[in-house]
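A.B. asks: Residue strings, one per chain:
Protein chains: 2
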Amino acid sequence: MVTVTSTAKKVLLLLGTVTLLTTASFSSYAADKVYRLKLAETWGPNFPIFGDATKNMAAMAEKMSNGRLQIRIDSSNKHKAPFGVFDMVKAGQYDMGHSASYYWKGKVPNTLYFTTMPFGMVASEQYAWFYHGGGMALMEEVYSPHNLLSFPGGNTGVQMGGWFQKEINSVDDLNGLKMRIPGFAGEVLAKLGASPTNIAPGELYTALERRTIDALEWVGPGLDLRMGFHKVAPLYYTGWHEPATELQFLFNKRSWDRLPEDLQEILRVAMRTASYDMYIQNAHASAEAWETMLNEYPDIQVKQFPESVLTAMKTANDALLAEHAANDAQAKKILDSQAEYLKKARRWTTISDKAYLNSQQTAE
Amino acid sequence: MVTVTSTAKKVLLLLGTVTLLTTASFSSYAADKVYRLKLAETWGPNFPIFGDATKNMAAMAEKMSNGRLQIRIDSSNKHKAPFGVFDMVKAGQYDMGHSASYYWKGKVPNTLYFTTMPFGMVASEQYAWFYHGGGMALMEEVYSPHNLLSFPGGNTGVQMGGWFQKEINSVDDLNGLKMRIPGFAGEVLAKLGASPTNIAPGELYTALERRTIDALEWVGPGLDLRMGFHKVAPLYYTGWHEPATELQFLFNKRSWDRLPEDLQEILRVAMRTASYDMYIQNAHASAEAWETMLNEYPDIQVKQFPESVLTAMKTANDALLAEHAANDAQAKKILDSQAEYLKKARRWTTISDKAYLNSQQTAE
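Residue numbers (my numbering), protein chains in the order written: chain A, 1 to 364; chain B, 1 to 364.
Calculated from the structure, these hints are not laboratory results. Fair warning: there could be bad hints in the mix.
Identical copies carry no separate label here, and so any pair may be met within one copy or between two of them.
Stated by the list, open to error - With a Cα cut of at most 30 angstroms, we get these calculated DSS-like pairs of lysine-lysine:
no., residue 1, residue 2
1, Lys-63, Lys-90
2, Lys-344, Lys-55
3, Lys-231, Lys-90
4, Lys-343, Lys-231
5, Lys-90, Lys-78
6, Lys-344, Lys-166
7, Lys-166, Lys-107
8, Lys-105, Lys-63
9, Lys-33, Lys-333
10, Lys-314, Lys-33
11, Lys-191, Lys-63
12, Lys-343, Lys-332
13, Lys-90, Lys-105
14, Lys-343, Lys-303
15, Lys-80, Lys-166
16, Lys-191, Lys-80
17, Lys-166, Lys-90
18, Lys-231, Lys-344
19, Lys-253, Lys-55
20, Lys-33, Lys-63
21, Lys-166, Lys-303
22, Lys-332, Lys-231
23, Lys-55, Lys-332
24, Lys-178, Lys-253
25, Lys-107, Lys-314
So that you can see chain A by itself, here it is in the shape it has in the complex:
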């Protein structure tokens, strides 16, 4: 199995005659060229799951490159700009970033479409769209003018619809509802009369407890449990707005181009694996946390929005997207690609995963 090529053998023979250099320093010539990359992440230090994706990626890259790649991860407590990751990586202040594409929609509107969309694809469908359905090329089209490369950075799977204090039985119940729900899903709810707000994570629990807000969405059991929301808003609604939230690795294109091809491939594969791995890690963490919630917090009730509410949300969602498409040819191209892929992929999901899960006894 192990083969030393004839060139290498010759070099070894010649080495015997070179007394200036020891074998150790000699072989370190290629191995010691270290590339140090700096990565800024949106998350705070030790943020679970999301932060594990960057650590996992960096550890794989370092080991696979035998130490030639060294990635320093700066959390938001260090760089102080959780939502400045796009700008810092674009400017070359950082070589890499870890964040989420939809955070940049105020700056570059069409970045919105590369994280997840309400009523959109689930994780397996969306990865298939990225890697086989044209998604990566469309993402490149959006990021390339900013000298940035963007890669999938970890999926949460279906996010829960959020924690509520009162049941939502009709569209009227959304009227005036104060809910922490940022981004595009917030716009959808605003169209139905709700008052979406954004509040810093550290203040969310108090805001919910003091009824400053009536409801909020976060992620899913794996990240929600430690936030304690279930103690003050025990109605846990199932998801509609983020069926496959995909985080993002950003790369400054000049930093990327400076790397030798083998290290580029090591990084490409490490990012790709870390992204899939986070999807699986979050599935595990959610299963564990949900079991804890079921055992220790019997007040929690799982609720689903009634069909009339979901239909109204979907109508509002479609109207907003139609506006986007009408105003921007690139947006139209991306939205058309996603809609077409979703239709095709969901037909298959319907007779595979959905049919299978529905044929099994509920595991309660």
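With chain A's structure known, arrange chain B on it following the hints.
C.D. replies: Then chain B, alone, in the frame of chain A:
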């Protein structure tokens, strides 16, 4: 970003004084140590999707190692032993294999449990079990006495229940049914009066056309379309018996131990990524092929086994597994681990993927 260490700089300075060696041959010292690995796969040459997983893995490993890893892939037309992969890798005749764990159950019974189980976990649940729920350690326990390492090697997602000529409306309809359905699922059906058989892939279409068999299962639209079964048995039943078929990379432990740590990590990550990638590739291929089937073959009808039939299959399945567990302490340990994990993971899947998919309009 790019940093040349001081050691490397010193070596470069010294190099100027060494006239015996050119810089090119010098730097090739470390880079030219090529490790050649031979991989035997169960599949024939150019077998789609399954065969792409090995090619994808080998290409990533070669690029990431800058050519230091060279993997030669031998398909079954070369080694002539599609079901001899376990033995050939164990004996060191091949360094690696690509196959499926459940093929070895006649040789090492407890290998059965590391591919997929009827009524078992779906892909996200099973990957979570492998990587976070103790699955990898249990698999190592089974393979390690054979000097083999086993890694996930690509998932098909939910496999379809197969192509039938007549409807199955009751358990009685299974009585005497001649069906190509190999492995453990065949044993389950045998308990219900069916006659499971195995037939070489090349003869399947003719056997079905001539009514030598009444039904068969293969994989799913992505691999079934080119086989043409839909032309002679147009009832396409949804799946129950292989909800997350995971292929397998095998590694001879001595071959593995001889590799430097960086190349081991490159291979570990390349196998892990290729495995996830195949899951996504098959989801895409199935969506595409299913669209073709819907458009071009209007005779195809999707069917689900009635609840009474599924319940009888589940009862037969549980009885067989209880026998396995009663006869073998290791089997009991693995089955208990899977049952416990499935229960926990499915509770989460039920309020995430399942609830979401059921809340969406059926995509037809």
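A.B. asks: Checking against the hints above, which ones are violated?
C.D. replies: Violated hints: 3, 7, 8, 9, 10, 11, 15, 16, 17, 22, 23, 24; rest satisfied.
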